[in-house]
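Taken in order, these protein sequences are the chains called A and B.
If you're matching positions, the first sequence starts at 1 in the numbering used here and goes up one per residue.
If you're matching positions, the second sequence starts at 1 in the numbering used here and goes up one per residue.
The hints are simulated quantities; they were obtained by calculation from the structure and are not laboratory data.
Cβ coordinates follow ideal geometry from the N, Cα and C atoms, glycine included.
Heads up, some of the hints might be wrong.
[What the hints assert, rightly or not] Short, incomplete list of chain B residues facing chain A, as computed with Cβ under 8 Å:
id, residue
1, S132
2, A150
3, S154
4, R173
5, T198
6, T262
7, L286
8, R289
The lines below spell out each chain.
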Amino acid sequence: MSQLTHRRLSPHILNRLIDEAPRDTLTLTDDHRRSLTARFRAVASTDHRRLDAWMVERAGQPYDTFRWSPATARRVIGNAALRRSRHDPTLTRFDAVALEVSDQLLRAVAGYSRPGSLASWLAQSSPSVVGLVSAEAANWATQLGEAAQGLEHAWSVAASDAYYDVARARTTLRGRRDLIIPRGLSRVLLRVRAGAPGKSAGPGLRADLTIDALAEPTGLAASRVIGLWPEAGVVLSVDGTMEDLRAGARDLVRTAAAFQRYRLAKAA
Amino acid sequence: MGPAQGQHAQHDSGHDEHSKDGVEHVLTLGPVTGRRQTLLMTSLLNASPVNVMEVLRGERDERPIANTKAASGLRALLEDGIFEQLGPAPRDPPLTIRASSLHASEHTYDLSLTALGQVRGLLVTQALRLLSVRHEMDNAFDEALLAWRADVGSNELTSYVDQLESDEWARLRTDVTAHCVTLKRSLGPLSSRWLPRTSLRAHQRLAGGSVVLRDVIDLMVGTTTSDQASVALLDVTTSPLGEGAERVMRYHALIQTLRSSTVPLRTSMFSTATGELWCSDVDDELLTRAVDDVLGALRAMAAIP
């Protein structure tokens, strides 16, 4: 049975959730991948679609047009800053944020950024907007850093989100992950979210769990995915059981179908 | 530092201000001058009497052990109080309490709640955020405005600002600049080692979602992972500190405790209108009073049909 654990944020809750993660590891096989691909291909799409946990939580409702803002830039810079300050302990998270922002600006100046990227948006923004981006990123890095600091296990900041391209189904899945905590052969994932968890937060975490397993070349699933909502002081987690992985895959296919319906309705 | 100790130059004598709060600090626009004929005036001090960060950080050696046990008791008090008032039936939509719900008094009229007052407050908050990342502000108004627009995109208030007449625009610019000067002078150096975070949102659902407590803390320094209490909260307001300020300070401390399960070291409020800083150490009594404040506000809201 699929299980969602709900806890209030307290100093040792993350350690407890990591310690209590299931020891058994599960692997998605080629058969699982083929079966999922067939289901996605059954939901025909003329355009390429990108699905993630947020779309699952919104039942396939398409995103508003994306625009860079301090709020959308904070996670990219904040995570990179925390990774940098972990590698160089002499740096405060705040200084690491400043260095990350400088790196982005340098990338734009050197011509290594494509139009529409974070680096080119920052380069076109006024210094005060860049300042606000730094403030947001410092909030994020501090928040994530506080969560990581209390961990009694080794941890690392995820180098990137998990991406899985579903072959011949014009579909890319994106699973968010902020911290990776190795646990035996497997790992526990931690993702930080803004706001408060809604009723569909569980399916969102399951989608991240499934996408992460699909993106792993061996198909090895994380033993647990922990969602942390610092603004609400709430922690949710789902285990890497086959039921949860299946539920996550089912939700993603349903989301693709709902997304297609929205698109067709809009076109009509 | 005692509770709600005023830091204004006029209050150097340091005597207890509790009894005087209601008389001195409340912005009461009575029958003498009509509301429409009265505007909030900004007074600029020649030298700032306080260094906000110095007061907030205090003496490192005197910090108590972090209290991580109080949150569950406070939550239980709130749940019991809400049940007594609202009963078991779920509320849809939920009753939402914000810091502004506690600020208001039926006998006062808060000019900061006007559209212009809100814009001024938002811009000063943006200025605080820029100062927290050591951004050199040459033109506080323009820079805060740019940052605000990048942050929120477009909404009712940005449209309101776009439609301001030139004289109102000039007044807003002057006003925001004056408030930012006071803020900049008073804030003091903000070390990156203090982990400054700005505009931190909090959201607490109680009574099965029938009541939602929302809050935004303008500036927070310190960490919740330390064995000693080190988190200090600062609310920056463009209004003079009134009788509701203490309630708001207590509310911030309560929400931070519920959110993180760690009681903050102190909570404070700084007025950029007067340069006044009120600061309180957070203890059990303060948090219990915050629970009473929330239940009082809820009682008032529930009474409205």
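Here is what the structure says about each hint:
The beta carbon of S132/B is positioned within 8 Å of a beta carbon in chain A (closest approach about 6 Å), and the interface hint is therefore held. Interface restraint check for A150/B: the shortest CB-CB distance to chain A comes to about 4 Å, inside 8 Å, so the restraint holds. Against a cut-off of 8 Å between C-beta atoms, the interface hint on S154/B is violated, since the closest Cβ of chain A lies about 11 Å away. For R173/B, the interface hint is violated, the least distance from its beta-carbon to any beta-carbon of chain A being 15 Å, above 8 Å.
Of the supplied interface hints, the one on T198/B holds, with its beta-carbon coming within about 5 Å of a beta-carbon of chain A, less than 8 Å. At about 7 Å, the closest approach between the beta carbon of T262/B and any beta carbon in chain A falls short of 8 Å, and the interface hint on this residue holds. Of the supplied interface hints, the one on L286/B is violated, with its beta-carbon coming no nearer than about 19 Å to a beta-carbon of chain A, more than 8 Å. Hint status for R289/B: violated, given a least beta-carbon distance of 21 Å to chain A, over 8 Å.
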